[in-house]
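A.B. asks: Sequence:
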Amino acid sequence: MEDHMEEELFLLYGKSVKVFAWGYNNSGQVGSGSTANQPIPRRVTGCLQNKVVVNIACGQMCSMAVVNTGEVYVWGYNGNGQLGLGSSGNQPTPCRVAALQGIRVQRVACGYAHTLVLTDEGQVYAWGANSYGQLGTGNKSNQSYPTPVVVEKDR
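My numbering runs 65 ahead of the 1-based position in the sequence shown.
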């Protein structure tokens with residue numbers, strides 16, 4: 066069983082590979098389709114209904130899941146592009162990150178307002194807030210789409 070907590074949101078998944086969420090939900094981070102707070106655990110369904118979830122993460126007010134096919138699903142607050150959907154609109158239900166089509170993701174991690182993924186080929190992609198250079202892209206511009214992070218191998 067794995068769990069993640071950020072602010073007042075809690076995500077949980079276990080051997081059943083089903084994701085449950087509850088807590089504060091002002092931006093849709095619970096994934097229920099509304100912004101009503103969720104006081105008891107509720108299964109996150111929608112696009113995740115028949116998916117096998119292998120990794121989860123949550124940022125300040127957003128949530129992420131990686132499924133066994135390597136696809137990434139995101140939902141919640143998106144004011145800095147941290148959902149990787151190419152926009153800054155909130156997403157109240159899980160939505161696949163289309164920009165990662167054909168890329169098999171193994172792990173996802175979230176910061177306060179940015180997201181990082183690791184692919185099965187060892188490539189890191191980053192997106193979201195970047196005012197301190199936290200994306201590792203060599204600049205301080207926010208990114209609303211997944212952007213490859215270039216790592217110097219001799220360092």
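Everything labelled a hint here was simulated from the structure, so no lab data went into it.
Incorrect hints may appear among the rest.
Claimed, not checked - Distance ranges between label pairs, derived from CB positions: (1) G154 with K205: 21 to 29 angstroms; (2) Q188 with I105: 34 to 42 angstroms; (3) G203 with G167: 21 to 29 angstroms; (4) A101 with S152: 31 to 39 angstroms; (5) Q188 with S99: 33 to 41 angstroms; (6) G98 with A163: 16 to 24 angstroms; (7) V82 with Q166: 16 to 24 angstroms; (8) R107 with Y197: 30 to 38 angstroms; (9) N91 with E217: 38 to 46 angstroms; (10) Y210 with Q171: 37 to 45 angstroms.
As the structure is a computational prediction, the values presented were derived from the model and not from experiment.
Ideal placement from N, C-alpha and C gives every residue a C-beta, glycine not left out.
A.B. asks: Take the hints in turn and mark each one as holding or not.
C.D. replies: Consistency of the hints with the structure:
Evaluation of the 21 to 29 angstroms hint for G154 and K205 yields a pass: the beta carbon distance comes to about 23 angstroms. In this structure the supplied range 34 to 42 angstroms holds for Q188 paired with I105, their Cβ-Cβ distance being about 39 angstroms. Our hint of 21 to 29 angstroms for G203 and G167 holds, since their Cβ atoms are close to 25 angstroms apart. At about 23 angstroms, the beta-carbon gap between A101 and S152 misses the expected band of 31 to 39 angstroms.
Between Q188 and S99 the beta carbons are some 36 angstroms apart, a value that agrees with the proposed interval 33 to 41 angstroms. Between G98 and A163 the beta carbons are some 20 angstroms apart, a value that agrees with the proposed interval 16 to 24 angstroms. Between V82 and Q166, the C-beta spacing of about 22 angstroms keeps the proposed range 16 to 24 angstroms intact. For the pair R107 and Y197, the beta carbons lie near 35 angstroms from each other, so the given range of 30 to 38 angstroms is met.
Restraint check, N91 to E217: a C-beta distance of roughly 40 angstroms satisfies the suggested window 38 to 46 angstroms. At about 19 angstroms, the beta-carbon gap between Y210 and Q171 misses the expected band of 37 to 45 angstroms.
The structure does not agree with the numbered hints 4 and 10 stated previously, though it agrees with the rest.
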